[in-house]
Amino acid sequence: MEFLASDQIAIVDLASGEVETEEFSDELCQEKIGGAGINLALYNQHADGDPIVLGAGLFTGSMVPGSCLGVVTAKSPLTGQVAHAPLTQYLGMELKYSGFDYIVIKNAAAAPTMLWVHDGILDVEEAGGLAGLDVWAAVDQVRADKGDDLIQVLGTGPAAASSDLACLMNNYWPSGDRFGLGHALAAKNLKLVAIRGLGLLEIADDEEFVDQCVALQGEVKGGVWAGKKGLLDLAKGMGQDALADWLAPLVHRHRANFNTPFAANSFLFLQGDPSALPEPEEAEMGVLLTDLGAAALFQQMGLELGDAGAILKQCAKLGLDAGLAAKVCLDGGKTDAAAISGALEGLSGPVEGLSGPFSPATPKTAVFGVDQAGDDAWWTRRQAVAHIFGLDPLFVLLAPELSEAKLVELAGIGTELEFSQEGLDAVIAEVCG
Amino acid sequence: MSNPLSAVNAYNRGLARGGAPPPPPALAKARGGRAPRYPRLGVYTGAGSSHSWLWFAESLERLGFYDLRFLDHAEIAAGGLDGLDGLAVSGGDTFAMARALGQPGAKALEGFLAGGGLYLGACAGAYLMLRSSQEPLCWFNFVQATIANLSRDLPQPLMLPEKYKTAYGCDYVFHPVREAVGLSCAPGPLGGEELAAPLYGGPAMIPASEEVEVLARYAAFEKRTKFLAPRDLAAETLLGLAAVLRAPYGRGSLYLFGPHFEHPGFPTANRLLAAAIYADLPERQPERGPEEQAALDGRPAKDWLLSIKRELSNSRIVALGLEDHPARWLIGTKVYEPAKLRVFLEALWDRLRALGKAPALRGPADALEGLPGSLARITVQARALKQGLDAGQDTQPLAEELFPGLVGAASQFMKIYFATALAGLDEDRDGRRLH
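Just so you know, the protein sequences line up as chains D and X, in that order. Going by our numbering, the first residue of the first sequence is number 734, and it counts up by one from there. Going by our numbering, the first residue of the second sequence is number 377, and it counts up by one from there.
Treat the hints loosely; a few may be bogus.
Unchecked claim - The calculated lysine to aspartate or glutamate pairs, modelled on EDC-like cross-linking and capped at a C-alpha distance of 20 Å, are: (1) X:K483 - X:D443; (2) D:K1046 - D:D867; (3) X:K733 - D:D867; (4) X:K733 - D:E755.
Source of the hints: derived by calculation from the structure; they are not laboratory data.
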């Protein structure tokens, strides 16, 4: 694959420590397009190694609006089914520029291990020194060891060893994984995957591609979300004004995922005054909310926001999925902050109601008047599109301008390959299971 | 717009393959009807050299000169100039160069020039050869000309104080401007052209002998010229004075360039560099001793390339993270900033892919064997430097280890790269080059 790709797939056998590389062929791209489509094909190809597959979408890291998404495909310890977990913020983009389009991680290592992925090199390294560290300390340690603060870390925390509620962590914060894939990673004795890429992407018809992306940016800017930002506005847009009011006092700032016009992450200050202008000097000021799931449950339990924030921070350090942990606690009758906090270490599933290949971290209710978001079939199809092309899974719900026809057209312009709606339909059907 | 270097490149490639292509007009004029032959050139990479020797490597490559030998001070003193037609010495710390080369190096250069060798010195490489009474510079008094940009009393710099002046006895060598300046060339090897070339601390010169020929003078300031001193002082110091000199020594010749004619961003100046090389190329190719070249192909070559790529990637990731760091290190008389790390690493990284496409890797056995370890040490040192800076520690000792090590590793890499390129040239029927 010459265009919109690095042309390399890595196959890592953790049992032997060996890494093989394969060419990413035009044929594979043409048939499965990218992201979850190719992840699934590689998962099936290497199924005997109980693989975890990391991949970027066809447009990840490009100028297509919302092009932030990386995808992890693996069997969920919670559902027993193959699931596609979204990697938002900057992790998907970094993977795209790392020199590998897809990474298949097979079997299990004998000792704690990490992968160091950089510029088309994949090093399997021992990670004994990281084994006892919480998520935040491990991220800091890896960045210090490798000498770059921009290294993106797909990791796990201490909870991952024993809890099926352990999620994949995106640096310090939870990814959109709701499938317990942190536990699956830990089962392979893999502490984390550190990624840094200084690569470039070639585009087949670069001028046309860029022109179309700029035009598309112009179109999406007038969308239903225009003028809105952060999880407060998202909560309001979902009709949850009380949740928005509950969160508001501690919200400090909002943060968008890579090249995504709508900022869908909000940072809560747990110390200091979020309205104060001077930059705070203290470290660990608060916690980044990457979705509303856990916050909504804690609000429902009647927790103080500060206490809820502290639990979210504790979950982030443990590498525990706060949304699932909140649900398990609620189902188990634990609804006060101290009891929840005390129960987090050692908390595990099962969790009722989880199903389907895509993460419920992306809301399934109508948002900003987009009624279709409440339509399960429509939601699932849009998630498939996001996970195949590498687009923000929330933003595809808000931006109908990112139509399937437009994306198929852009895929052809960007790669010089032929794509069709029929081909896309087939890949969508496959990734939706 | 046509590339002014492509005709020279095509001509040189033809010569290197053993052909006798017609030279481009400018080179034909410079050669004066003498028989063409493909030159073998050295590039100085030893103590005192800054990153600007990479510019020589780049511009010579673009011009199609692939038969290059990269030499440090010890190699020069130990007979490394034998078999070379010319030696290019770029910018850096003149005193450090002179000290490192020492009297053995000066003797080697004297023998090289007396035997007909060609010397191309830019910036520090030019200062080195100008007349001086001070040790160790006085060992290199090969050109009867002096420095014009010398003063005892200077106004405060308008910008970049660390680049403004260097102590020189009781005086200062000072640098009133930086970046592009306008030059006017005399008829002769540089063809009477008007051009721009970048000045980064190079000299304005005053010939002190009729044998010394002024080939170009500082003629004007450009839009891109940055003034470190007031404009009138800059004009008084530079304009009308010699920017390029040619001087004979024994059977050889020296070209001293105040501005960096080898800078890859100035192709017209690069082309004139080629004209200078062909104008004063020794009549006969000096005899070459037997050279031990090793080769790697197949799996060992793949593994070697992977190890080089791994360490270059590791180091450049750190270098990128450090690029905007305000740290500065004074090494010798030169100030180094973190961005310099990347300059070296990118020069290697840019050539790595091309090297990977060669059918076999060639080069001195010690370079092929030593480079992976050298680059692994660079990674460790670069990371330690970053950790030290983050912790607010004194990183001077680390920097003093890292930068020379990086220059050494870059030199090893270039030896392999150009040896591989030259070997590929013989085998390549389509005329495609590594770079």
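Verification of the supplied hints:
At most 20 Å may separate the alpha-carbon atoms for a hinted pair to count; X:K483 and X:D443 exceed this at roughly 24 Å. Of the supplied pair hints, the one linking D:K1046 and D:D867 holds, its CA atoms being roughly 11 Å apart against a limit of 20 Å. For the proposed pair X:K733 and D:D867, the alpha carbon gap of about 44 Å is over 20 Å, so the pair is violated. Between the alpha carbons of X:K733 and D:E755 the distance comes to roughly 17 Å, so the proposed pair stays at or under 20 Å and holds.
Violation of the numbered hints given earlier is confined to hints 1 and 3; the remaining hints are satisfied by the structure.
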